[in-house]
Amino acid sequence: MPTYSERKRELNINVDKHLNDGFAAVTHYWQNHENGVSQYYKPFAYKYLRETAPSLVRDVKQLYIPFSYDVPFPKPANPRFRFIDLFAGIGGFRLAFQNLDGHCVFSSEWNNFAKKTYEANFGEVPFGDITKINANSIPNHDILIAGFPCQPFSIAGVSKKNALGRAHGFKDETQGTLFFDIVRILEAKRPKMFLLENVKNLKSHDKGKTFKVIKCALEELGYSFHFQVLNGKHFVPQHRERIVMVGFNKDYFHGREQFQYPDLPEADHSIHEILTDNPDPKYTLSDKLWDYLQAYAIKHRCNGNGFGFGMTDLNGISRTLSARYYKDGSEILIPQDGVNPRRLTPRECARLQGYPDNFIIDAVSDNQAYRQFGNSVVVPLMQAVGENIVQELIREQNGEYAE
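According to this note's numbering, the sequence shown holds residues -2 to 400 in order.
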């Protein structure tokens, strides 16, 4: 049986040139060819392949020819539930929920570099701009998952936009209003549950008004609303606080769900656990950059500010990894004997977010990998929350919440 990679080569599909909704429909159809979800993708997949490889795909029977997935994280063989992955990034949530035997039936992500990493690991290209996707074109699912953009609500993002005189929060028309696309899809598809994730500052943004709007919008759709700020340090050596919001459709659970956030293990991790032996010298800071970071820290310290680089205690945990890490690595620097400190390698960043070492990171450049992991989630933390969500789903499937 041919592999997924061989099938792409046979069809002359170079992923770099096919990170579009056409090939997204093809990969989604291939992932769902044997179930009722396939109807959502079949016409678009057939049209795309007929245009791309007319000599190889003459009729619809040639749309799917059996192959095996040679990607690190194929769909589970016997899934227990279906979910969708919005603002998917590189697939941290997908990885967590596939580990719980969930089958992803729809994914969406606008960034092409993230799509490339996602495809390399899962064998699927996410659809693009969520604002242009008709909610009725999304398959039915049990759980909607979305780590919607945090920059409009983060402390750093708000400070930067204030300094530039730009809008933040819901007034940020490019990112802040994307939450309402989640509302639009929830309203149309009525999944049993949702899981949303964002920065801790979302709760206090605009004196709590932003969070109140979010809570009210979700409750008006008929969902109960749970939230808690959780720290990734219980699973990885990184201080990373995120607000995790979970909702249950009252048509199914009637407000009686027994969901609790997980009891987190003791936070006993240290940074040396994730470090690579003999990292490439290219990750060591140049004299020029190191001198600049030290002078910058002194300047702000004299002005009474706390800005500056973060030299990491190897027996402790790191600061929060951010999407700007590619610029200079200043928030997490690793001390070295006799030479300048270094930044983390991309693989170390992956480990800092709880990704396994077989997760493919070299589909993109180092700079893009830094962005991707800085924007991602702590996978084992989200899996721990997901496990408790899935327990409720199983209770509902077993009729425990029937009226």
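Be aware that a few hints might be false.
Claimed, not checked - Ranges of calculated distance between the beta carbons of each label pair, as one might list FRET restraints:
no. : residue 1 : residue 2 : range
1   : 385       : 201       : 32 to 42 Å
2   : 185       : 392       : 22 to 32 Å
3   : 36        : 248       : 16 to 26 Å
4   : 129       : 395       : 35 to 45 Å
5   : 265       : 56        : 55 to 65 Å
These are computed hints drawn from the structure, not numbers from a lab. Idealized CB from N, CA, C, for every residue including glycine.
Now for the hints, and whether the structure bears them out:
Our hint of 32 to 42 Å for residue 385 and residue 201 is violated, since their Cβ atoms are close to 25 Å apart. Our hint of 22 to 32 Å for residue 185 and residue 392 holds, since their Cβ atoms are close to 26 Å apart. At about 24 Å, the beta-carbon gap between residue 36 and residue 248 stays in the expected band of 16 to 26 Å. Hint check: residue 129 to residue 395, Cβ distance near 39 Å, so the stated range 35 to 45 Å holds.
For residue 265 and residue 56, the hinted distance range of 55 to 65 Å is satisfied, since their beta carbons lie about 59 Å from each other.
Of the numbered hints stated above, the single one contradicted by the structure is hint 1.
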